[in-house]
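One-letter residues, chain by chain:
There are 2 protein chains.
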Amino acid sequence: MEKTITLALLGFGTIGTGVVKTLKQNKQLLEKRIGANLSLKWIADLDIVRDRGVEVDPSTLITDGMRIVNDPEVDIVIELAGGCTFAREFILQALKNGKSVVTANKALLAEHGREIFNAEQESSGLIGFEASVAGGIPVIKTQREGLVANNILSIYGIINGTANYILTKMSKEKISFDEALRDAQKLGYAEADPSFDVDGIDSAHKLLLLGSLAAETIFSMDQIYVEGIRHITERDIEYAAEFDYVIKLLAIYKKKNGMVQLRVHPTLLPCSNLLSSVMDSFNAISFRGDIVGTNMYYGRGAGEMPTASAVVADIIDIGRALVSGTLRNRNDFHNTADIPVVQNIDDIETRYYMRFSVIDQPGVLAQISGILGKNNISISDVYQKERRAGDAVPLIMITHRAREHDVRSALSEIANLDIIKADTVFIRMEE
Amino acid sequence: MEKTITLALLGFGTIGTGVVKTLKQNKQLLEKRIGANLSLKWIADLDIVRDRGVEVDPSTLITDGMRIVNDPEVDIVIELAGGCTFAREFILQALKNGKSVVTANKALLAEHGREIFNAEQESSGLIGFEASVAGGIPVIKTQREGLVANNILSIYGIINGTANYILTKMSKEKISFDEALRDAQKLGYAEADPSFDVDGIDSAHKLLLLGSLAAETIFSMDQIYVEGIRHITERDIEYAAEFDYVIKLLAIYKKKNGMVQLRVHPTLLPCSNLLSSVMDSFNAISFRGDIVGTNMYYGRGAGEMPTASAVVADIIDIGRALVSGTLRNRNDFHNTADIPVVQNIDDIETRYYMRFSVIDQPGVLAQISGILGKNNISISDVYQKERRAGDAVPLIMITHRAREHDVRSALSEIANLDIIKADTVFIRMEE
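Chain order of the listed sequences is A and B. The letter at position 227 of the first sequence is residue 227 when you use the numbering used here, and the numbering goes up by one with no holes. The letter at position 2 of the second sequence is residue 1002 when you use the numbering used here, and the numbering goes up by one with no holes.
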């Protein structure tokens, strides 16, 4: 083949190693599919000594990332260094130099999206970020191209494998959040500091990208309501099951009447919803389009090789365009008209699961339902099973659709009742 | 926008109407995304009088399909006429004229694939056929682009909505195939002559396309083993459930050691497999790639608007390339080396569900298992519940992995036993 696409890798960690392995293992296939030779000229990392279990030409290893970003021969910079400092500088410099960039760095794109996508606009290069959402599942391409005929009306995503692993474990083994977290940490599914995963931040980063593509604008993190899963107990999971619901950490985008919702929180999903069957560390995303209806995509959302699959897909995509001489910025994010307003969480309307810890005495139900009713919240189901005289007992209620503002008002009023013995847990529901 | 992409529609039926509606409803959005104006110059159909519930400019309506295929102004011909006669001629002529073609015609592509894809090779136009497999789910793009880094090792598809609807109905309501079929016909899910759907032919057409893309060659229909669902009874579905399995009509592609399997048949799937949760007329396809592992895609596989979503996605894809001046044939099917051998069904190895109708008398189990054992088939589970003295009773066996040739030999020997009172049903299993 006459043409060669020259690659440079920034960050020789887990995903970087997967990319190097993939480029080696499927070299022939990839070069045929791209219609050009692929040459990995540089691998930059602070540690160029450690054995990654894959053979590389020592002359490609380098510690100076900026040098490869400025190498005129390099066509595509693969940024897998992570973080928001050096990675940001490398990407901006690469774009400035007219190179294309492939990255899995959702945190960076979510925190500095506007700056980076503006730099892309001014560059002759492109950014591919398929690997930044849902690892091996090509949801970015699907949303941009496969569903291009559609206005995306809603997105529901289980897009954090760690949180889903923990919730699955809690459900299957009836163990607490802390126990399940320790297990996830032992298996390497969760970090020593798990906050990004279990507090919903990582899901919010990814939701920001999916939602921004759907609305064709760039949202910022402070527009997303984020709530994690630390307060979910194995009992809530059990009670939800009594009503044929499971609890999942969902990332939700909805668009209606020019308003959008962007929220990440634990959610009760009915067992009839296919997303409720997504177990362990798997990811799944469902899109509803105005033309196509509902589609769902499922697979591994993280890990060395699944994520490498997405990184290499972006390399091939950009490489094909380089071969045919037509890199073309798609302007996905640069909606100038109709920028939607993001709804405050207080204004959303949905059904709620509530678990009250109450003293088991006559009149409790009347008191609580009275306050709910006064706040325009009507109850669809009540569940009270265990009874321990004198002791606090759980009282579960499922509401009809209610406004979050009303729910919060009612719950703060209920919190002052003598019969309430612990903080009330409330979890939003979706169908 | 300076450029205009000129479209011509062949076939103003259900899908054609959906395409016209989509082009109208999302005109602004589509033109922004394509970066050009979209003009639907012609709508050809033998019936240009009937009201389709969508307003069209009467001057676009025409009965002469060949005229629009030869109109030099037309960039993209949308072939939704169906069938293998006129549609074939239109497509070949359009390609000869350097036009691109978008089609949902899986039967034509499966029956005349080599001729049509060869014509595409020689043309400056492209064929888009996203809508020909799994309606609104963009699996062709996913396979070609999203999973481009992978050797596809296996594909499992529920890709006929009618058959899946019937099997779901039989399972939920414990009714016979005939009853469920009549219900599907009443709802318009099944044709008066349902053979394409229930005998697996339509699934085979789609499998041929998916398998051909995976192997990068063009298979022919006679290389696919095809078995439908007419012989499945509600009892088989019930017995399968006893072992935590469901019965689905699956299209299967597998590649191993340079050999491929291409087969469509009813299959017992464990409830732990997400495909087992795909109900009613929905479709789902799972791919296993050597890099990414297993991914699954789910949605509506047919219908006016879902299929239109896929047709319009192809129009946008090709339109974008026309705008940037780089239509590029991807040579997907033109593997010259390593053309894989398709395995004969006799040579496959899998687990089997067998339902024998036997006289309920001592020694029956010994006789049957003796013959199975002699043919290298070992039994993993046996199930016999109903007992009616003297009468024939069902005896269910699940085997360990066995070679199909051995299974057929054993069953033909068993068929000659006096204790066997009806044809033995055997259904292949997958994990």
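Possibly wrong hints are sitting among the right ones.
These stretches of chain A come out as covered by chain B in the derived footprint (C-beta under 8 Å, 3 or more residues) [said to hold, decoys possible]:
id, stretch
1, 133-144
2, 205-212
3, 416-429
Some chain A residues well away from chain B (every beta-carbon gap over 12 Å; in silico) [to be verified]:
id, residue
4, 67
5, 121
6, 185
7, 194
8, 311
9, 323
10, 379
Source of the hints: derived by calculation from the structure; they are not laboratory data. A quick note: this is a predicted structure, and the numbers were derived from the prediction, not measured. Glycine included, C-beta positions come from ideal geometry on N, C-alpha and C.
Exercise. Give me the numbers of the hints this structure contradicts, sorted from smallest to largest.
Key: The structure breaks hints 2, 3, 8 and 9; every other hint is satisfied.
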